[in-house]
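Q: Based on these hints, arrange chain B on the given structure of chain A.
There are 2 protein chains.
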Amino acid sequence: MSDYTIQSISTYDARFPLPPGAGTDSIHATSEYCLATTLLTTGNGPCGSGFVLTLGDGNTLVCKAIQMLVKPLEGMPIETVMADFGNISRKIADHPALRWLGPHKGVVQLALASITNACFDLWAKSRGVPLWKLLLDLTPEELVRVLDLSYLEEILSERTAVSMLRAQLPGRAQREAILKSGYPGYDTSVGWMDYDDAKVTELTKKALDQGFSAFKLKVGSPDESRDLRRAAMLRNLIGEESTLMFDANQRWHLPDALRICGELAKFGPYWIEEPTDPDDIQAHVELSRAVSPTKIAAGEHIANRVLFKNFMQAKALSFIQVDCTRVAGVSEFLTVSFLAKIFDLPVVPHVGDMGQMHQHLVLFNHIALGLKAAFLEHIPHLRTHFIHPARVQGGVYETPQEPGASADLKVLAQT
Amino acid sequence: MSDYTIQSISTYDARFPLPPGAGTDSIHATSEYCLATTLLTTGNGPCGSGFVLTLGDGNTLVCKAIQMLVKPLEGMPIETVMADFGNISRKIADHPALRWLGPHKGVVQLALASITNACFDLWAKSRGVPLWKLLLDLTPEELVRVLDLSYLEEILSERTAVSMLRAQLPGRAQREAILKSGYPGYDTSVGWMDYDDAKVTELTKKALDQGFSAFKLKVGSPDESRDLRRAAMLRNLIGEESTLMFDANQRWHLPDALRICGELAKFGPYWIEEPTDPDDIQAHVELSRAVSPTKIAAGEHIANRVLFKNFMQAKALSFIQVDCTRVAGVSEFLTVSFLAKIFDLPVVPHVGDMGQMHQHLVLFNHIALGLKAAFLEHIPHLRTHFIHPARVQGGVYETPQEPGASADLKVLAQT
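Residue numbers (the working numbering), protein chains in the order written: chain A, 1 to 415; chain B, 1 to 415.
Extracted from the complex, chain A is given alone in its bound form (with noise of 0.2 Å):
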């Protein structure tokens, strides 16, 4: 391997227009998904690529955030910065003139998100290897150095994430079967807020000619009999044996949310996902506790390792949605799924990017930290603009062996 060094540094305002109706649901009216990203070139050697996801406009705020927080790792040899990736992420943010907009939050910290994920593309690819076999390569301490565990120390010291890895050193080569069968998929795409009944029932029979089994359905619209009926709809067509989950988007306040996820219980949702506001802990444990058995998730507006903490130590969510594209990037995703671990629950990420750069996240948690393999979500409308797309087939991600973390754009293709 090269110590290939960072040369330039540049973002790119990647934006694509989505087909009628797709990523609509009760809070955006999405026509076009955008990627503030982040490239790192490093003249003779690989490009390293990275992005986070935003809905419109704001890429221009966070591609300029990027242009303001990079600037340290210019010059640096990749394998430099990777060893101490933990520090120099957390110097980054922690930039005296702009950790005052957040902390590690908002435009800043998607920033930071799509400037980590550049880094762990690069690596990956300086090292010849797909981003989940790099991160399965590492000893223990190789990857806890990646992480910034600053303000988890009283449950996850950098001690305690290396005995949790040796811990789960042996059942690994049993765990690594997955890489064979490939990682389970649900799809969002058939049950976007504005697809008619008509289209969600076309989409919905599409998908389970293609093997899916689990389907997610939008919810909280104005008119809560639509998502009554529609609920019906669904779990009539896909039949007791497939599993259904709910979205409402933060749509509801507290005594809707209790009321409506009374009503959606009876549908025998695996979840339901962002009933309330993404801030509201309190209002997130008030409802776990109501609808028990039924189980509550969010996870893409939970902007960073802190909030994930205090949402598990407050049996706030039971599936955990962590998204690379929102928390500070690949770094802090594995940093959630370490807590996540800890607190027994599951880790299904919202894919921002697309399940692009989580479906190697996902083999790492599975083989490397013994999470419980679940499913990741699949959305296909930018499956055309990847050099690489996610190979999903017979509803299951194929292991991807092309070298980085599969984030790289065809429009930005050097020709």
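No lab work stands behind these hints: they were computed from the structure. Predicted model only: the values in this text are computed from it and were never measured. Mixed in with the good hints, there may be bad ones.
Where chains are identical, the list cannot tell them apart; a pair therefore holds if satisfied intra-copy or between any two copies.
Here are the computed lysine to any residue pairs in the SDA-like style, where the Cα-Cα straight-line distance is at most 25 Å [unchecked claim]: (1) 206 x 232; (2) 410 x 97; (3) 372 x 138; (4) 295 x 370; (5) 315 x 253; (6) 372 x 159; (7) 266 x 74; (8) 315 x 286; (9) 410 x 9; (10) 315 x 343; (11) 133 x 409; (12) 315 x 153; (13) 91 x 194; (14) 315 x 181; (15) 199 x 96; (16) 410 x 211; (17) 372 x 32; (18) 91 x 253; (19) 206 x 79; (20) 71 x 175; (21) 372 x 289; (22) 71 x 17.
A: Just chain B, lined up with the frame of chain A:
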């Protein structure tokens, strides 16, 4: 009064270098205070001016976000805006392309705060009264319509808020005495981190002579013994009868915070501020229990009303340091003050505005909401830059009489 129409909207990126050492703490090696300013122009009428604080280059991001968010206000009469400001500000925050960058935190929240503060300034100017008087003269119903109470419904409905104001009407006349006596201040500027002992001593003596009886010392030095030595020095200087506060600006992880706060408690602080990560509710709960009867204060990094609700529900804080330049402006400041009243907690604002707007808001809180008058932080570094700088005499804020929110910068004065 006239329905002045907002004809044009602009931003101004104001930056003010600080004297050496001023503004420094355990986290921020601050060298300039920057105000991301919104200007609302009304043709022949007054110009509304509002801002938020940042600590440098991030100001450009906030100004850009203001420009993206503020468009719906163009062409609206200010009275129309303010008659339904709770809903209008909520719609601005829910911008379909920008909400994803928060929601309600980071750059987009700061932008909303700047816009909101400009609206309140314009409203007060258009009625020819200082902001405190505008707020006091509103009916309870009118006041509550400037608030966005969404996601607080289980605790603070509109009806509850109106009732709270009505319940306080009988004692108002008596509490209005504070308009004459002035609102007590406390002095943060004696104890910045990088000031040496001689400077702290000199400034403290001067402040004592000026009538201050409450002082804040920055702690969280890498050298713990320095904190303890300076705490002893300052306590000795001001005597047992004066009030002393410590501010760690998030420096310690929980195990360190537990230990060091125990040491600092020996100097009889009125509070210990921001001992650890500002997102970590559970850590604040554990600290509050451990150091009792010493009290924990925080707020300058608590980004919105829902987070404040959670801190209060968890009994994590004893002082609520909400700041109208950190939450979504004057409106959300007032909302958090209602919550504090419900939880029987004192509101002692952090003053990202140097006290300019907050001198109005604490008067409202005391007179209309019946919150016990405490004291208001005083930071004088920018006073020469305001057209109407807060007048602090004898340790007391004199009640401002000029129309508006006291936010006008000299650099923007129309010539």
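Q: Against this structure, judge whether each hint is valid.
A: Structure-based check of each hint:
no.	hint	result
1	206 x 232	within (18 Å within a copy, 73 Å between copies)
2	410 x 97	between (35 Å within a copy, 24 Å between copies)
3	372 x 138	within (21 Å within a copy, 57 Å between copies)
4	295 x 370	within (22 Å within a copy, 41 Å between copies)
5	315 x 253	both (19 Å within a copy, 22 Å between copies)
6	372 x 159	within (23 Å within a copy, 47 Å between copies)
7	266 x 74	neither (55 Å within a copy, 47 Å between copies)
8	315 x 286	both (10 Å within a copy, 17 Å between copies)
9	410 x 9	within (18 Å within a copy, 39 Å between copies)
10	315 x 343	both (9 Å within a copy, 23 Å between copies)
11	133 x 409	within (21 Å within a copy, 57 Å between copies)
12	315 x 153	both (19 Å within a copy, 22 Å between copies)
13	91 x 194	between (43 Å within a copy, 20 Å between copies)
14	315 x 181	neither (33 Å within a copy, 49 Å between copies)
15	199 x 96	between (50 Å within a copy, 24 Å between copies)
16	410 x 211	neither (28 Å within a copy, 67 Å between copies)
17	372 x 32	neither (34 Å within a copy, 49 Å between copies)
18	91 x 253	between (37 Å within a copy, 16 Å between copies)
19	206 x 79	neither (45 Å within a copy, 54 Å between copies)
20	71 x 175	neither (40 Å within a copy, 54 Å between copies)
21	372 x 289	within (24 Å within a copy, 36 Å between copies)
22	71 x 17	between (31 Å within a copy, 23 Å between copies)
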